[in-house]
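Peer 1: Residues per chain are reported as follows:
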Amino acid sequence: MKTLSRLETRRDQLIGVALFLSVWEVAAQLFDKPLLLPPVSAILTALWDLIISGELITALGESIFLLIVGLLVAIVIGFVFGTIIARSKTAYWMLNPYFSALFVTPTIALVPLVLVWFGFGFTGRVLVVVLAAVVPILFSVASGLRDAPGDLIDVARSFGVKGEIPLLFTVRLRAALPVLMAGLRLAAGRAVVGMAVAETYLRLGGIGGLIKSYGAVFRTDYVFASILPLSLLGILLVSGIGRIERRLKWS
Amino acid sequence: MENTHITNSSTGTSAIELSGIRKTFTLSEDKNAQQVLALDGIDLSINQGEFLTIIGPSGCGKTTLLRIMASLILPDEGRVIVEGEAVSEPDIKRAMVFQTFGLFPWKTVLDNVVFPLIVRKYPAQQTREIAIQHIKQVGLEKFQNAYPHQLSGGMQQRVGLARALSTGADILLMDEPFGAIDAQTRELMQEELMRICQEEQKTVVFITHDLNEAVMLADRVLLMSRGPGQVREIISVNLPRPRTEYDVRAHQEFVRVRGHLWRELRNDLIEQRTEEMV
Chain A
2 MKTLSRLETR RDQLIGVALF LSVWEVAAQL FDKPLLLPPV SAILTALWDL
52 IISGELITAL GESIFLLIVG LLVAIVIGFV FGTIIARSKT AYWMLNPYFS
102 ALFVTPTIAL VPLVLVWFGF GFTGRVLVVV LAAVVPILFS VASGLRDAPG
152 DLIDVARSFG VKGEIPLLFT VRLRAALPVL MAGLRLAAGR AVVGMAVAET
202 YLRLGGIGGL IKSYGAVFRT DYVFASILPL SLLGILLVSG IGRIERRLKW
252 S
Chain B
103 MENTHITNSS TGTSAIELSG IRKTFTLSED KNAQQVLALD GIDLSINQGE
153 FLTIIGPSGC GKTTLLRIMA SLILPDEGRV IVEGEAVSEP DIKRAMVFQT
203 FGLFPWKTVL DNVVFPLIVR KYPAQQTREI AIQHIKQVGL EKFQNAYPHQ
253 LSGGMQQRVG LARALSTGAD ILLMDEPFGA IDAQTRELMQ EELMRICQEE
303 QKTVVFITHD LNEAVMLADR VLLMSRGPGQ VREIISVNLP RPRTEYDVRA
353 HQEFVRVRGH LWRELRNDLI EQRTEEMV
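Top to bottom, those sequences are chains A and B.
Counting the first sequence from 1 gives a position; the numbering used here is that position plus 1.
Counting the second sequence from 1 gives a position; the numbering used here is that position plus 102.
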């Protein structure tokens, strides 16, 4: 297979999108059941309407704020517990099963509990995002720190770096950074899902709220128009982190 | 040249003095696990400007001894005295060169060499100049901005050497530094190391498992014996400097010292095998 230049790849992707949308448009017009499959033109009109009315911007702002707060809390918790289970075998064996269980439990299954404990407020929504995102961060911190190259610790110490905290920052964390970024990338994807779940199943709000409320009144074109920015947000976040990750790798 | 070493040593204090060094390790994390005696009563005095090589069967505690000299670990008993002062932490007088090069893969050559100076809080402009000077000294000026993974093993160890030299330490502690380097590059680097150390009057402690290397480089060779690690013998090598591998190999003194060391080492290895069979 011929390798493509960056530009050629982009061009092919654009052609692909155009083809896909044209087929969709034609099929939807022929099918003529906008409730089931609204034509692309209707979706774009709906999207334009959402932008003009300011509804989308408000919702997006709310969602991004929730996402950022949730991710930051998840990063802090992930670092603390990740460091603890990396440094203590006892802590690892005691805590690891719970984190593993949390990792495989669908976040949506935890929503009723969050609702009972924290109500519909912002705390509850943040908690849902944290529950979705924390484990990949925690595990990547733990494995990144555990695999820290012992000889580099010796190097740093022999050249005068003193104490566990300076060693953590000059060597351990830096050496673990590519692994940490991979964990963060995974976490960001899950956080977007957690965000949508929180906004749909707790108090309605943000992009998730838009989707749910337009869905409830069968405005499928507006539902699609709201899903689009949500996907874009996720893609931008994940690929942005991926880009930083590639820069930090050394081989 | 040989004479300057001897004069140095007879006048000043020792570069490193070890007395009664004893070190045990616990094999696993289990508190009741078996204790292994790694070093048992090592007494040793290393002269200033001396090139001391350490050789011995694997597991004899060579690396442990070097790590104690570097204050990376502390002995259970005994004292380490560097240039007249008892030490318990790494300091600017000693610099280490590592078997696996120990370069930070995320730093460029220049940043790796600058690292010890930054840790010691030298002024920024000065650190750069010092680092570049030592990168030139090992012939890597064209690779200042390269990353370690872009360099061959020999080049990486040159960076390791430049880093140790840039600290200005009088004492270089080298743990099988050429062990992971191909044979031809190794010979070149041995010559370069001898030249640099002679020019700069460095004291070198150099661990190796290669007998030729041990004799070729050394003013004195320390032969260690296995479990518990002890000094079995210290032999002076009376070969003129500067030395090159080509000249030295055929020298009578080289053949004598090498032959003697090999017989001793061989006995130790055979004893070990017999014990294992019993």
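For the record, the hints were derived by calculation from the structure and aren't laboratory data.
Note that beta-carbon positions come from the ideal geometry of N, C-alpha and C, so glycine has one too.
A few of these clues could be false.
Cross-link-like lysine-lysine pairs, in silico, DSSO-like; alpha carbons within 30 Å at most [unchecked claim]: (1) B:K195 - B:K238; (2) B:K195 - A:K213; (3) B:K238 - B:K223; (4) B:K195 - B:K223; (5) A:K250 - B:K223; (6) B:K244 - B:K209; (7) A:K250 - A:K90; (8) A:K250 - B:K209; (9) A:K250 - A:K163; (10) A:K90 - B:K238; (11) B:K195 - A:K250; (12) B:K195 - B:K209; (13) B:K223 - B:K244; (14) B:K223 - B:K209; (15) A:K90 - A:K34; (16) A:K163 - B:K195; (17) A:K163 - B:K209; (18) B:K238 - B:K209.
Per the computed footprint, the stretches of chain B lying under chain A, defined by three or more beta-carbons under 8 Å from a beta-carbon of chain A, are [to be verified]: (19) 187–196; (20) 215–229.
Peer 1: Has the given pair, K238 (chain B) with K209 (chain B), been kept, meaning a C-alpha gap of at most 30 Å?
Peer 2: 18 Å, holds
Peer 1: Is K223 (chain B) close enough to K209 (chain B), meaning Cα to Cα at most 30 Å?
Peer 2: 18 Å, holds
Peer 1: Holds or violated: K195 (chain B) and K223 (chain B), Cα atoms, limit 30 Å.
Peer 2: 15 Å, holds
Peer 1: Just to be careful, I want the Cα atoms of K195 (chain B) and K209 (chain B) compared with a cutoff of 30 Å; is the pair within it?
Peer 2: 24 Å, holds
Peer 1: Go check the stretch 215–229 of chain B versus chain A for me, would you? Three or more residues, Cβ under 8 Å, otherwise it fails.
Peer 2: holds (count 4)
Peer 1: Hinted pair, alpha-carbon criterion (30 Å max): K238 (chain B), K223 (chain B). Please report holds or violated.
Peer 2: Judged against 30 Å, a Cα distance of about 22 Å means the pair holds.
Peer 1: Under the criterion that the straight-line Cα-Cα distance not exceed 30 Å, is the pair K163 (chain A), K209 (chain B) satisfied?
Peer 2: With Cα atoms ~20 Å apart, K163 (chain A) and K209 (chain B) stay inside 30 Å; holds.
Peer 1: Given the hint that K223 (chain B) pairs with K244 (chain B), test it: the Cα-Cα distance must not exceed 30 Å.
Peer 2: 26 Å, holds
Peer 1: Quick one, are K250 (chain A) and K90 (chain A) close enough, alpha carbons at most 30 Å?
Peer 2: 29 Å, holds
Peer 1: Take a quick look at whether K250 (chain A) and K163 (chain A) sit within 30 Å of each other, Cα to Cα.
Peer 2: 26 Å, holds
Peer 1: Taking only the CA atoms, is the gap from K250 (chain A) to K223 (chain B) under or equal to 30 Å?
Peer 2: 27 Å, holds
Peer 1: Checking one constraint from the list: CA of K250 (chain A) to CA of K209 (chain B), max 30 Å. Satisfied?
Peer 2: OK: K250 (chain A) and K209 (chain B) at ~11 Å, within 30 Å.
Taken one by one, the earlier hints fail for this structure at numbers 2, 10, 11 and 15, listed in ascending order.
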